[in-house]
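Novice: Chains as they are written, first to last, in the working numbering: chain A, 1 to 256; chain B, 1001 to 1360; chain C, 2001 to 2293.
Bear in mind the hints are in silico, worked out from the structure with no lab data behind them. Honestly, I wouldn't trust all of these hints.
Cross-link-like lysine-lysine pairs, in silico, DSSO-like; alpha carbons within 30 Å at most [claimed, not checked]: (1) A/Lys149 <-> B/Lys1007; (2) A/Lys149 <-> B/Lys1097; (3) B/Lys1074 <-> A/Lys149; (4) A/Lys90 <-> B/Lys1097.
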Amino acid sequence: MLVVVVALVVALFLVAPILIVVPMSFSTAISFQFPPPGYWLGYYVRYFTGTEWLEPTLNSVVIALGATGLTMALVVPASFGYVRFRFRGKSFVNLLIMAPLVVPHVVSALAYYGFLARLRLNGTHLGVIVAHGVLAVPLAFLVITATLKGFDRNLERAAMSSGAGPLATFFHVTLPVLRPGMLVGALFAFLSSFNEAVVALFIAGRGAATLPKKMYESIRLESDPVIAVVSTLLVTTVAIGVLVSVLARGRESGAA
Amino acid sequence: MGAAYLKLTGLVKSYDGRTNAVDGIDLDVARGEFVTLLGPSGSGKTTTLMMIAGFEEPTRGSIELDGEDLGRRKPYERNIGVVFQSYALFPHMTVAKNVAFPLRMRRFPAARQASRVREILDLVELGSFADKYPRELSGGQQQRVALARGLVFNPDVLLLDEPLGALDKSLREQMQVELKRIHREVGVTMLYVTHDQTEAMTMSDRIAVFNGGALEQVAPPLEVYHRPRTRFVGEFIGDSNFFSGRRDGERPGLVLLDGIGAHRVARAAWDEIAGSTVDVLIRPERIQLAGEGDEARLPNRVSMKVGVIVNYGDSVLVIGETDGHPLRMRIAGAQPDAIREGATVTVGWGPADAHLIRRD
Amino acid sequence: MAGGVTATAALPRAAARRRARRGAATPWLLVAPSCLVLIVLFLTPIGYVLLLSVTDPNVSLGHYVRIVTVPLYSRVMVNTFLTSLIVTGLCLVLGFPVAYVMARRRGWITTLLVTIVAMSFWTGFLVRTYAWLVILGNKGPVAAAYAALGLGSPPRLLFTSFSSTLGMTHILLPYMILALYAVMKKIDPSYLKAAASLGARPGAAFRSVFLPLSLPGVVNGCLLVFVVCLGFFVTPVLLGTPRDMMISQLINQQIEELLAWGFASAVAVVLLAATGILLTIYNRFAGLDRLWG
Chain A
1 MLVVVVALVV ALFLVAPILI VVPMSFSTAI SFQFPPPGYW LGYYVRYFTG TEWLEPTLNS
61 VVIALGATGL TMALVVPASF GYVRFRFRGK SFVNLLIMAP LVVPHVVSAL AYYGFLARLR
121 LNGTHLGVIV AHGVLAVPLA FLVITATLKG FDRNLERAAM SSGAGPLATF FHVTLPVLRP
181 GMLVGALFAF LSSFNEAVVA LFIAGRGAAT LPKKMYESIR LESDPVIAVV STLLVTTVAI
241 GVLVSVLARG RESGAA
Chain B
1001 MGAAYLKLTG LVKSYDGRTN AVDGIDLDVA RGEFVTLLGP SGSGKTTTLM MIAGFEEPTR
1061 GSIELDGEDL GRRKPYERNI GVVFQSYALF PHMTVAKNVA FPLRMRRFPA ARQASRVREI
1121 LDLVELGSFA DKYPRELSGG QQQRVALARG LVFNPDVLLL DEPLGALDKS LREQMQVELK
1181 RIHREVGVTM LYVTHDQTEA MTMSDRIAVF NGGALEQVAP PLEVYHRPRT RFVGEFIGDS
1241 NFFSGRRDGE RPGLVLLDGI GAHRVARAAW DEIAGSTVDV LIRPERIQLA GEGDEARLPN
1301 RVSMKVGVIV NYGDSVLVIG ETDGHPLRMR IAGAQPDAIR EGATVTVGWG PADAHLIRRD
Chain C
2001 MAGGVTATAA LPRAAARRRA RRGAATPWLL VAPSCLVLIV LFLTPIGYVL LLSVTDPNVS
2061 LGHYVRIVTV PLYSRVMVNT FLTSLIVTGL CLVLGFPVAY VMARRRGWIT TLLVTIVAMS
2121 FWTGFLVRTY AWLVILGNKG PVAAAYAALG LGSPPRLLFT SFSSTLGMTH ILLPYMILAL
2181 YAVMKKIDPS YLKAAASLGA RPGAAFRSVF LPLSLPGVVN GCLLVFVVCL GFFVTPVLLG
2241 TPRDMMISQL INQQIEELLA WGFASAVAVV LLAATGILLT IYNRFAGLDR LWG
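Isolated chain A, as found in the complex (with noise of 0.2 Å):
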């Protein structure tokens, strides 16, 4: 029982300080008070009419989707040469994709810079997406790699041998079944992007600003409270999220 409670009162340090962004977001304060000493939808205005956040914002996620289709462009199919097939060098290939998972975001980071900055692509969209495109390569191939090894292959050949070609049985079996593996990796590139700072600071410069960049520069630099404003927005957004999943996983568990 006394560990029941231990439990509950992490859980409460984990979740306590992610919900003060709420209260923060309806404040009239204009630096960091807590409490807040009155409340106004002021800060969602300015969020809301500005492009001083909302750019930073669409970039994040005009980024994120960009990412996510370079990752799951290079994953799918190395997933299933990975998974499907034994070749040489195939220990090398598990290195060389999971490398950019071993190596720490702020190294990355100093090496886009250099790097981007010799192909002209710093504070560009197409230089933030293709570092955040790689940099979720690893993470999608965990997911997808993991679907592709649960998946029954005699569905597959119970296809074939019901008279569907190698086309039919990919597109009306293996890729319906393999679909929502697939969605989850493509969730996850697309979060490792949206939630990315250390690399977006580096690289994104002024042209190709991410949320996370524009929430770092606004705590270091001017202490914006609209930052509350954004914060409570993700937390939301989060928070659905994953109700959400939980609660279908709790049907779907009690159907069973």
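Fit chains B and C to the given chain A structure using the hints.
Specialist: What follows is chains B and C alone, placed relative to chain A:
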């Protein structure tokens, strides 16, 4: 048996180029026959099945169906149905969609698809489950759906790879009867892979016994049971007592069993075995308690020291030994008074109860 | 006869080899794009950092010598190492009970914990770092509580190694919990029942059965947290103090304030090497892909 419908000739499969998983299989299957490929795991029976289905390419040998070489034909060009142990039902499709899949791939008109699906689901008694998803069904029901999907397009041959392996015992027995009924009703040629001898015995027209990638014997169930061609077959199927011995060239009808002595066997069997060293199989149910006056009926007798007694209700299995040689005896009905643990009893069997297998 | 056998055997073997070769092209075609992109767009930039560390401004190992010999920099290394150890230890102590309850219980408590852990896992570092700035700030709830209790103003909390350590612990705790939970939920509860039936009291069953079986999760979680912590950037920079710098702060400072690319690169290489050594050791014993699984 009629002309070969499905004909396997010199079939070999090697994955690494050195050892053969399937090592030269010759098998003729008649149209409409139910043939079971029986053997321990790793004996090559599933690999053989996968080659017939077209999922594995034979390293050597040929597969002919109705006189036509299947060699280069892809699985989806073969018109052979497959039922897998894991069922392999498409999880994102309803029962009806699963069963309709082969018809869809063959571009049947929609109306015919629907009526055929209904027909085949009725055959496997799942008519009311058409709109359920596989995960909503029990194991036995999923098995029936897999069967329906394998049968719906009227395949030339239906291959079944341990289809009952994941079911519990009572359900398995029920499905054996079901399968037999469906085989009778549809009349399709079936090749059935299993390592369960009971399944093989109860369902098959013939059993093909696999061992180490090769065929030990292909014969109807009772012949495989009573007249195994090799010691492996005799030991793999059913309970057995094996003695090794020599044929006594001087005295026809006598075999000298190692450590036991001269034993009388049927003269025809003695004549048939040409070599001198033999294995002698005596099924436990052929051994009986021997008394005074039945020397003529049971000329072969030994004294058996009773070790363990297992009561099945309808029969008793007595495990013991004679001269250090393990001996198993199965007696129908209740346990006789003479049989007690630690007791020594005289048991015997007739000349016709011994089956001789030549050893080289 | 024998000659005939070898001839017929040789033919299909050659065919099999041909097939194998044809088959061998397919996996490479599938993995090639990833490998190419990673080599050109990842290894090359990293290689460039290595190169810079010994060539900028001139070819020498001077930067590395400085890292080791100048007390200011070697202190950064030691401080990073110690801070990472502390954060890892705190995460383990705090995370273990949570993971334990999540793995061993059913019902609303587990659902609640899973929800909270997932939520904090997916909430960005910056949101959480910002939250700590508010909490520990001089107009924050801690200060307010001190005032309300009549204790005057609290000791300086923000921009110290305390706030930095606290923030990192808070941010990395979900990683630890998830790593522990992944292993713990696979421990069959019947093991503990078996231990109980063999006479082990709950405490003894926990110590002699559950704990050893959860050890792989402990190793995974600790390594994961430690490695991330070594290279942690945002939180130390925003919550910490330049007086107790961590490696990433040093890199940032060298670039932002001094434009000392060569030296920053050398520091990055040291960080990369430390991480690499730890993960290589782990890889030898467990296989890397298990760490994040």
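Novice: Hints first: check each against the structure and report whether it holds.
Specialist: The hints, checked one at a time:
no.	hint	verdict
1	A/Lys149 <-> B/Lys1007	violated (36 Å)
2	A/Lys149 <-> B/Lys1097	holds (25 Å)
3	B/Lys1074 <-> A/Lys149	holds (25 Å)
4	A/Lys90 <-> B/Lys1097	violated (38 Å)
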